[in-house]
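Visitor: With the hints as extra help, turn the sequences into a complete structure.
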Amino acid sequence: MSNSKGLGGVGVFLDDRTRGAAPARRFMRKIFPDHWSFLLGEIALYSFIILILTGIFLTLFFQPSMTDVVYHGVYHPLDGVRMSEAYASTLNISFDVRGGLLLRQIHHWAALLFVGAIMVHMLRVFFTGAYRKPREFNWIIGIAIFTISIFEGLFGYSLPDDLLSGTGLRITQGVLQSVPIVGTYLSFFLFGGQFPGHVIIPRLYIIHVLIIPGLLLALISAHLFLMFHQKHTQMPGKGRTETNVVGAPMYPYFMAKTGAFFFFVFAVVALLSTFAQINPIWLFGPYNPSGITAGSQPDFYMGALEGALRIMPNWVSNVGGYTIAWNVIIPAFVPLGIIFGGAALWPFLERWITGDHREHHINDRPRNAPTRTGIGMAAVAFYGVLWLEGANDVIAAQLHIPLYTLTWIARVSVFLAPAVAYWVTKRICLGLQRKDTHLLEHGVETGIIRQLPSGEFIEVTRPVSEEVRAVLESRTGLPQLPAPAPGEPGEGVPAPSERGAMGKLRVRLNRVLTEGIPVPTGNGHGNGHAELREGEPAAVPSGADHGRELEAGSPDEEERPSGH
Amino acid sequence: MSDTPNPNDTPESAGQEPEEPRTPHRIIGTPPPAQSRAMLADETGDHHEPPPELPPVPDNPVRARRAERIVAACFLLSALAGVGFIAAYVGLEVNGLDSTLRSNLALGTSLSVVFLGLGVGAVLWVRNIMPDVELTEQRKPLASPPEQREEFAETFNAGAAASGFKRPLLRRTLLLATAPLAAIPLVLLRDMGPLPGTSLRHTVWRKGMRLIVYGPNTPLRPADFSNPGQMITVVPEGYQDNQVALAKATTIIIKFAPGQLRPPTVMNWTVDDIVAYSKICTHVGCPVALYEQTTHHILCPCHQSTFDAIHGARVIFGPAPRALPQLPLGTDSQGYLIATSDYHVPVGPSFWELGGSGFTGGNES
Ligand code: HEM
Ligand code: FES
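Protein chains in written order, with my numbering: chain E, 1 to 564; chain S, 1 to 365.
If you are wondering where the hints come from, they were derived from the structure by calculation, not from laboratory data. Since we're looking at a predicted model, the values are computed, not measured. Don't take each hint at face value.
Straight-line C-alpha distance at most 25 Å; calculated DSS-like pairs for lysine-lysine [stated by the list, open to error]:
(1) 238/E with 133/E
(2) 133/E with 140/S
(3) 238/E with 166/S
(4) 435/E with 238/E
Covered stretches of chain E, as calculated for chain S (at least 3 residues, CB under 8 Å) [to be verified]:
(5) 87–100
(6) 243–250
(7) 264–274
(8) 318–327
Ideal Cβ positions, reconstructed from N, Cα and C, are used throughout, including at glycine.
Guide: Take a look at the structure:
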């Protein structure tokens, strides 16, 4: 920074007016920890930028109108066919505008990548516990971004008004119409009357190109601002503590790396759009409520909803002359409600169960929180079964299983698979913990066999490297609430928060959540931290100076159960 | 950024230099104190003479020189591909499927190479030319110190007191004023669409209306069915291009062998063993387009609701709760198939106001 030239002319001009030199300098020196999984959010961000860029191009040519026209364009198979202007203009984008097909396909592929990257990014955040205090806001913002993106994709996909997307819109309308009490009205207001009407495409258009992108932009900005302000989490490792960030500075390292990454994301999307055709709307034909293409699949992010609709038995109730369409409203709202609602509540639930009010900046390795990881995998299994069921006709045809049998299998697995996933994941995590403990205690097997004077053969082991040790020792375990000891008077009286039914439930949940294998205690520290190196208060609340201590008990007061 | 105009400072920043970095030791790169930063790459122990945070030379000058040439080649390739893109744009016409696909291939490939060249070049640059560093930045606790919270509360309360917001009359009338204001946007949405009324209960089918074959647009005589087992989609005459009408009125007709049809099919709504059902699935409204002759199953391709065409199109599998409504058929004086009335129950997906009378068919067995 002791550059003799100092600020250049532009810099002086700007700084004269903003006093920005110091903040800009800190910005350049902001530290970004490195881990491949931190790139997932970036994929989502860059796909979003690609979507905006290509979307603006598409708006220049797309006509959001349901007016009937007769097509006489360059795509001869549809010559003379009646269609909406929206569909005709999408044909024009594809066949008359140079680069139009490419940008349409880039837009669509980027949409898939966007939603896909968000999903995987969310899983990363969940499984590493990166949503914990102080990052709950960003977790909730992320869930909102995810939810809105799904609608954005659905609406965008509906714009070309082809037979496939029109069928999707029909399903959307059917679901809306089935909502109790207000459904009929919602549907009539949204569609300007009966389905399909003449206004839905222009309405979806303005939602797709203005309202939701605006919302997403605001939410993504908030997300990034908070991330910047709170600084990144980091994976456990040597020299990484709850009170520092270790990595490369923004300028020039992160800038160059993330720039490269943007180019890669764009290159991948461009390659896909060059070689993998997507949404060839000219093959589907214009929308017509009498027709349908068989075996058609929606975009992948609608798969779980589609599967939920397929899996559901045909329950309805008629009460006092009114109809409650359980067969539609349960699959439409319950499964995703469980996943989104559960995800939104989880950080607070976990905090209540563990009584852990500390800030967390070092991520958990998934194995070190077996119950959380198990719950996450249960959600993945639940979603996965629904998603697969969304393609049950394709799967049935491929595997030669009767369709109805497959649906019945899915009806059972949607309950069974999450339970199995939970149990198996937890066992695997505990197994991995045991392996880590073994590594810490006995070191790495070198493969060298030595004969002892006694004639016995042993394998030579060598202690794990410091880097590995730091990672292995990151397992601090989740805080355990003290066991209530109701019978004994005196010190055994449970803390107020452990009394009553809720308190008992809380302690029970706490026992499940904190299950784990103890870390070998190198120097007798009860908290499983073999060595606390200087300046590494990993298990100490970083906000301890004026933050709250653990609400009830701390890991040091209790022995953790030794698993199984 | 992290330590920039810190929201924590707000309460007291009024009387203070706003940009004064008050905790310089937390910021990496600030000259002293040296212990706030550490080169962790190798010489962790050496705290006395901290090396420069960002060494100005590459770790391996030989490798860097070689990398420089490769990176330059990547960027050059990218530039060439960019020119290629423009050339393909100018040179390749699009006027149909084949030419479009050719243009797409050329434009897409060149665009991909533009970005690949830039991406690969930038990564090699970072990896081989920029020195490998790992810096450490200290975190500040996110919570404000208690004094600042205190000061915030004081400032807030002072403002609240000065505003006179505690006066109940002001507060209540203000709240009262905002209540209708909040309702106005909702009220303004009212004209987005008409009220449903009973429109979901009817279709455009009327007594005497001919059945028109969807596609060829021709009326149909019972004799036009050469053999049993055929399923044909028909629409009401005069509404072939009316999407709103078709979304409810589209109908399928199936010809059976004599005596095949069974209750609850209404026999006197059939003509010559031809039966007509609504094509709009009672699940969420897809057209039920698939018919399996051997089993007489009508299948909805969307979520596989299956209806038994012989037994009044009752549901035998899937999420649809109601049988497909049956359209009463007859023939006109010229022998063409006509409807003898509208459907007797609402067609399509369930809705709140449907009620039990909409259910005439069986349930999943
Ligand atoms: C942020 C997330 C976005 C997603 C997930 C998304 C998704 C989609 C999808 C899946 C399609 C259908 C493409 C196809 O025909 O195959 C589409 C169409 C379209 N999108 Fe977007 N989009 C997004 C943002 C935008 C933005 C910001 C704009 C404009 C400013 C835009 C403008 C359009 C237009 C005009 C169409 C219709 C043209 C066509 O279908 O070819 N989109 N969008
Ligand atoms: S719309 Fe027919 S099964 Fe869903």
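Visitor: So which of those numbered hints doesn't the model satisfy?
Guide: Number 3 - this is the single hint that the structure violates.
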